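> For the protein sequence lines, the chains are A and B, in the order given. The numbering of the first sequence is the numbering used here, which starts it at 15 and goes up by one. The numbering of the second sequence is the numbering used here, which starts it at 1271 and goes up by one.
Note that these hints are calculated values from the structure, not bench results. There may be inaccurate statements among the hints.
Claimed, not checked - Chain B is nowhere near these chain A residues, computed Cβ spacing over 12 Å in every case:
hint, residue
1, S131
2, A199
3, I215
4, V219
5, W224
To be verified - Dumping the calculated PhoX-like pairs for lysine-lysine here, alpha-carbon to alpha-carbon at most 25 Å:
hint, chain 1, residue 1, chain 2, residue 2
6, B, K1374, A, K18
7, B, K1374, B, K1329
8, A, K171, A, K262
9, A, K139, A, K171
10, B, K1374, A, K209
11, A, K217, A, K69
12, A, K78, A, K152
13, A, K69, A, K152
14, B, K1292, A, K209
15, A, K78, A, K154
16, A, K18, B, K1376
17, A, K154, A, K139
18, B, K1323, A, K156
19, A, K181, B, K1292
20, B, K1376, A, K209
21, A, K217, B, K1374
22, A, K156, A, K106
23, B, K1311, B, K1329
24, B, K1323, A, K217
25, B, K1311, B, K1292
26, A, K217, B, K1329
27, A, K78, A, K118
28, A, K171, A, K253
To be verified - What follows is a set of in silico ranges between Cβ atoms, one per label pair, in the way DEER data are often shown:
hint, chain 1, residue 1, chain 2, residue 2, range
29, B, S1375, A, V40, 36 to 42 Å
30, A, S22, B, R1335, 17 to 23 Å
31, A, T33, B, V1481, 33 to 39 Å
32, B, G1405, A, V40, 44 to 50 Å
33, B, E1294, A, V40, 28 to 34 Å
34, B, V1332, A, V40, 46 to 52 Å
35, B, G1405, A, S208, 24 to 30 Å
36, A, R211, B, R1486, 37 to 43 Å
37, A, V32, B, D1285, 49 to 55 Å
Keep in mind that this is a model prediction, so the values were computed, not measured. Every residue, glycine too, gets a C-beta built ideally from N, C-alpha and C.
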Amino acid sequence: MRAKYVLSEVLVGLWRNVTMTIAMIVTMAVSLAMLGASLLLYFQVSDMEEYYYTKLEVSIFFDKDATQAQMDAIGAEVDADPLIAEWDFETKDEAYKRFQEMFKEAPDLVNAAQPESLPASYRVKPVDPDNSQALIEKYKGKEAVANVVDQRKVLEKIFEIFGGMQKLALVIAIVQGLAALLLVANTIQVAAFSKRREVAIMKLVGASNWFVQAPFVLEAVFAGIIGAILAYLTLIGVKIFIIDGTFKSLFQSTVLTPIPWSNVHLMFPILAGIAGVVSAVTGWVTLRFQIKV
Amino acid sequence: MTKKYARASRPSIEDINVSIDKGEFVFFIGPTGAGKSTIIKLLLREETPNKGKIWVNDKEVVGMRSWRVPAFRRSLGCVFQDFRLLPTRTAAENVAFALEVIGKSKAVARRVVPEVLELVGLGGKEHRYPHELSGGEQQRVAIARAFVNRPLVLLADEPTGNLDPDTSVEIMRLLDRINRTGTTIVMVTHDSNIVNQMRRRVIEMEGGHVVRDQSRGVYG
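Next up, chain A with everything else stripped away, as it sits in the complex (with noise of 0.2 Å):
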């Protein structure tokens, strides 16, 4: 009966507001998503860094009229090389082939390219990733080297361009948070005020703070978690219609690691559970400093 009472209470508290209702739920649903967002880029980076660094690879390409020996000499320094765990020597016509089977899809590029005109390399797997500077260092200057590429340095142009959208979609799920709250503390006072003769008489009959205080907290609870599962639904939509629609072909390739679906549905308890928390330590906020309810 009390559950029923509360509960009658909150829904009787949200439509009578409706419309800074409405604007809560949406300011709400509209930070959470971002938040949500932002998360999924985050695991997605860290995937991403996993999946990558643990086939980073150096490589060192010699130069096109390099001579046998000179490239044997170079072999057998990174054989014995404490800091290279893995090699891997390709030559021109290997590196040709790569080249032809990586852009079949552009004939006139592989037409236009000679098997010459491609440096044969040497593959290296360096013991420490996060020390391949060294071997940068090391064998960039030497004799009939063209160069020295990091394979993380590519990579590392793409994490930024990720930890950007990530940190841009934190910042817009932080402001439009505040705008939420400001909304949350607004619409309590809102139905605080309309409830200001019930609240009174409950008071005096001695009801307890947790009796009085319960349907207004209950019911930014109630829209914080509404909001919730809009953002749950909007980041499943993007999932469906942008990523594995628009740019599909981005994440199908080998760039980007795909957007797992258990990553998506984790979001709505973690969505949920802030937007629900939140949400009640400002109605109870607002309740203790504001109205003295």
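Starting from the structure of chain A, add chain B where the hints point.
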């Protein structure tokens, strides 16, 4: 005991010392601004004094933890000049509300509410809304609500202030009956007729001081 409001130049109540026995019927009288209503607020612990102590039902109220206040208030009943009924609820629902919000079950409400409404003389009008009732009847609902938890003390702040003389007399009869069940009644009023008719203890206040305390007294 002294109560001083933050912005007031002088205390609303200053150095008063009054003791009221269980089962007594006491009038606080005096001109507006004498501090009568402050007494009710202090007894309800809506306000706390700046100095001094207050005992109600053997409980010290001033130092009471705020979370104990709701339980304390359940031992009090309270009636006001403006009735303070919920306009969207019927007479019976208004009374039941007081039970509901302190966690009593519906079954208890169904049993107790008609009983109390009968007692205050509203039998048959349970399902009327406040606007369908006269002032006197509304005050009866308020009294029923105050009395439904069988409080030890009933506080009444000018309960007849909005009522005509005849209705006021009826309300006083009702309060008198409640008093006879052993409930202490503390009533603030400046209705001289009522005070003179009832011949109960009268405490007169002026400028925050008690100027007269007389058993079986009359209005000034």
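> All hints are to be evaluated individually against the structure, with a verdict given for each.
Hints and how they fare:
With a minimum CB-CB distance of about 83 Å to chain B, S131 (chain A) clears the 12 Å threshold, and the non-interface call stands. Consistency note on A199 (chain A): stated as away from chain B, and its beta-carbon is indeed over 12 Å from all of that chain's, at 22 Å minimum. A Cβ of chain B approaches the Cβ of I215 (chain A) within 12 Å, the least distance being about 6 Å, so the stated non-interface status is violated. Distance check on V219 (chain A): its Cβ comes as close as 4 Å (rounded) to a Cβ of chain B, failing to clear the 12 Å threshold; non-interface status is violated.
The claim that W224 (chain A) lies off the interface is violated: its Cβ sits roughly 9 Å from the closest Cβ of chain B, which falls inside the 12 Å cut-off. Taken as a hint, the K1374 (chain B) and K18 (chain A) pair is honoured in the structure, with Cα atoms around 14 Å apart against an allowance of 25 Å. Distance check on the hinted pair: K1374 (chain B) and K1329 (chain B) sit about 24 Å apart at the alpha-carbon level, within 25 Å; holds. Using a Cα cut-off of 25 Å, the hinted pair K171 (chain A) and K262 (chain A) holds, with the two alpha carbons roughly 21 Å apart.
This hinted pair checks out: K139 (chain A) and K171 (chain A) have alpha carbons roughly 20 Å apart, not beyond 25 Å. Restraint check for K1374 (chain B) and K209 (chain A): the C-alpha separation of about 21 Å stays at or below 25 Å, so the hint holds. Note on K217 (chain A) and K69 (chain A): the hinted pairing is violated, with a Cα-Cα distance of about 67 Å set against a maximum of 25 Å. Annotation: proposed proximity of K78 (chain A) to K152 (chain A) holds, straight-line Cα distance about 20 Å (limit 25 Å).
Taking the CA atoms of K69 (chain A) and K152 (chain A), the gap is near 21 Å; set against the 25 Å cutoff, the hint holds. At most 25 Å may separate the alpha-carbon atoms for a hinted pair to count; K1292 (chain B) and K209 (chain A) exceed this at roughly 35 Å. With a C-alpha separation of about 15 Å, the suggested pairing of K78 (chain A) with K154 (chain A) holds against the 25 Å cut-off. For the suggested pair K18 (chain A) and K1376 (chain B), the alpha carbons sit about 12 Å apart, so the restraint of at most 25 Å is met.
A hinted pair counts as satisfied when its Cα atoms are at most 25 Å apart, and K154 (chain A) with K139 (chain A) qualifies at roughly 16 Å. Between K1323 (chain B) and K156 (chain A) the alpha-carbon distance is near 93 Å, which puts this suggested pair outside the 25 Å criterion. Proposed proximity of K181 (chain A) and K1292 (chain B) is contradicted: the alpha carbons are some 69 Å apart, above 25 Å. Distance restraint check for K1376 (chain B) and K209 (chain A): the Cα-Cα separation of roughly 22 Å lies within the 25 Å cut-off, and the hinted pair is therefore satisfied.
Restraint check for K217 (chain A) and K1374 (chain B): satisfied, since their Cα atoms lie roughly 15 Å apart, inside the 25 Å limit. The hinted pair formed by K156 (chain A) and K106 (chain A) meets the criterion: a straight-line CA distance of about 19 Å does not exceed 25 Å. A hinted pair counts as satisfied when its Cα atoms are at most 25 Å apart, and K1311 (chain B) with K1329 (chain B) qualifies at roughly 16 Å. Proposed proximity of K1323 (chain B) and K217 (chain A) is supported: the alpha carbons are some 22 Å apart, at most 25 Å.
With a CA separation close to 19 Å, the supplied pair K1311 (chain B) and K1292 (chain B) stays within the 25 Å bound. For the hint pairing K217 (chain A) with K1329 (chain B), the CA-to-CA distance comes to about 19 Å; that is within 25 Å, so the pair holds. Of the supplied pair hints, the one linking K78 (chain A) and K118 (chain A) holds, its CA atoms being roughly 23 Å apart against a limit of 25 Å. Among the hinted pairs, K171 (chain A) with K253 (chain A) is consistent with the structure: their alpha-carbon atoms are about 24 Å apart, no more than 25 Å.
Between S1375 (chain B) and V40 (chain A) the C-beta distance comes to about 40 Å, which sits within the given range of 36 to 42 Å. Checked against the given bound of 17 to 23 Å, the beta carbons of S22 (chain A) and R1335 (chain B), roughly 31 Å apart, lie outside it. Against the hinted window of 33 to 39 Å, the Cβ-Cβ separation of T33 (chain A) and V1481 (chain B) comes to about 56 Å, which falls outside the hint. Evaluation of the 44 to 50 Å hint for G1405 (chain B) and V40 (chain A) yields a pass: the beta carbon distance comes to about 47 Å.
Between E1294 (chain B) and V40 (chain A) the CB atoms are about 59 Å apart, so this pair departs from the stated range of 28 to 34 Å. The hint said 46 to 52 Å for the Cβ distance between V1332 (chain B) and V40 (chain A), and at roughly 48 Å that hint holds. Between G1405 (chain B) and S208 (chain A) the C-beta distance comes to about 25 Å, which sits within the given range of 24 to 30 Å. Between R211 (chain A) and R1486 (chain B) the beta carbons are some 38 Å apart, a value that agrees with the proposed interval 37 to 43 Å.
Hint check: V32 (chain A) to D1285 (chain B), Cβ distance near 54 Å, so the stated range 49 to 55 Å holds.
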